[in-house]
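S.K.: Listed below are the residues making up each chain.
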Amino acid sequence: GESVGLHLPTLSVQEGDNSIINCAYSNSASDYFIWYKQESGKGPQFIIDIRSNMDKRQGQRVTVLLNKTVKHLSLQIAATQPGDSAVYFCAENLSGGYNKLIFGAGTRLAVHP
Amino acid sequence: SAVISQKPSRDICQRGTSLTIQCQVDSQVTMMFWYRQQPGQSLTLIATANQGSEATYESGFVIDKFPISRPNLTFSTLTVSNMSPEDSSIYLCSVSGQSNYNEQFFGPGTRLTVL
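Chains as they are written, first to last, in our numbering: chain A, 1 to 113; chain B, 1 to 115.
I should point out that these hints are in silico values taken from the structure, not numbers from a laboratory.
Calculated cross-link-like contacts (lysine-lysine; reagent style DSS-like; alpha-carbon spacing at most 25 Å):
| # | chain 1 | residue 1 | chain 2 | residue 2 |
| --- | --- | --- | --- | --- |
| 1 | A | Lys100 | B | Lys65 |
| 2 | A | Lys100 | A | Lys68 |
| 3 | A | Lys100 | B | Lys7 |
| 4 | A | Lys100 | A | Lys42 |
| 5 | A | Lys71 | A | Lys56 |
| 6 | B | Lys7 | A | Lys42 |
Taking the hints into account, I'd like the entire structure generated from these sequences.
M.R.: So, in structure tokens, the structure goes:
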């Protein structure tokens, strides 16, 4: 596989446990905050997004929490599975058009049986 | 959704040479994006490419180093010019989703090693 995730912080969890991946952001003007998953050798894949006027959004087995007071974003994965092993990136969609994404630092999630 | 392919998937190049990376999308899209992902790091946006206009480059990236073409709504190229070992990275192209602009679809990436 590729070298993505080699030098990133790693979160190790047992299969079946819940995972919480955290991200700090800096731009208060962002319209949306997004989570992406990147498996080895592949491009990132969209997981879920949350608008800046919300503080929680749920998807299938995932929940994103947004705390604008401390500029903190988290992704919770319920009942983590081996297929969840990947690098997870938070991203911001800046306001003002273009819809360009600014990616934050990633976290490698390692799921152990 | 969109399916994106990139060529080449990987290459090893000598310093001072140039490499052109191709990105093909299976549907017509307005905006395409080029990113760089250095080993073990996050993605950095290089430029946004719209069909029929000059690409818009992010701070730290210039057209002379990373010329981009966007000849039609399904294709784009990124050239990495006058390469040095510091250009060794994974280069990815992406397109915005039609219903959700936050959902970008990425190609598999081109892994470039410069010796």
